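A.B. asks: Take a look at the letters that make up each chain.
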Amino acid sequence: EAGVAQSPRYKIIEKRQSVAFWCNPISGHATLYWYQQILGQGPKLLIQFQNNGVVDDSQLPKDRFSAERLKGVDSTLKIQPAKLEDSAVYLCASSPNGGAGGAFFGQGTRLTVV
Amino acid sequence: QKEVEQDPGPLSVPEGAIVSLNCTYSNSAFQYFMWYRQYSRKGPELLMYTYSSGNKEDGRFTAQVDKSSKYISLFIRDSQPSDSATYLCAMSDGRGSTLGRLYFGRGTQLTVWP
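So the protein sequences, as listed, match chains F and E.
Residue numbers are given in the numbering used here: position 111 of the first sequence equals residue 111, and the series is strictly consecutive.
Residue numbers are given in the numbering used here: position 79 of the second sequence equals residue 1079, and the series is strictly consecutive.
These aren't lab readings, by the way, just hints derived from the structure by calculation.
All figures in this text were calculated on a predicted structure; none of them were measured in a lab.
Hints are supplied without guarantee of correctness; some may be wrong.
Stated by the list, open to error - Derived contacts from chain F toward chain E, CB cut-off under 7 Å, selection only: (1) L45; (2) A103; (3) G106.
Note that beta-carbon positions come from the ideal geometry of N, C-alpha and C, so glycine has one too.
One chain only, chain F, in its complex shape:
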């Protein structure tokens, strides 16, 4: 079974530029998450989707971050404009309906804002 796919693996941009990350969850998983992991810390939730609807985006900085999951499968996370403090690893995870078995993460996208 294929895991969670993310791209790109690495991205370097200048502050005030925009950037987008892509995620394809495990086939059949209804729940998709985007997490931000700053070096030395545990991941923090940015947004949770159930199929193509938003379940929790309370921690998403909506003035600069946006995410969509239009067809209930893959998802895109965008940052515009980027700030220096957005430098982090952006992790996508998916979970089956009901959550049994836990959540499975992709390899992440390491973003550096200079």
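Since chain F is already given, all that's left is putting chain E on it; use the hints.
C.D. replies: Here is chain E on its own, set in the frame of chain F:
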């Protein structure tokens, strides 16, 4: 007070030792408990998933949940150098038919030396 507390270590043990990792939490509504292993520059890999209280064993790994004390543990028997990684605990209270937001500890860095 943070939702989930985890000693960041670092923890250094000889090969073959029994390793004990633990987390405490404050939210009594948490009912899903997970342990992840994260190698440098990789995404978190799900090791153990437990629903509610009790013990779960998988090979050299044993997860314990004590909801009365709000305390979870991961034991690694016969530790190997390949176990050297950061171990993250995560937990959630579930939301509707989903796992809900995962709350993470900051991770414990483990080194197993030969």
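A.B. asks: Next step is simple, just say for each hint if it's right about the structure.
C.D. replies: Each hint, compared with the structure:
no. : hint : in the structure
1   : L45  : holds, 5 Å
2   : A103 : holds, 6 Å
3   : G106 : holds, 5 Å
Hint compliance for this structure: every hint is met.
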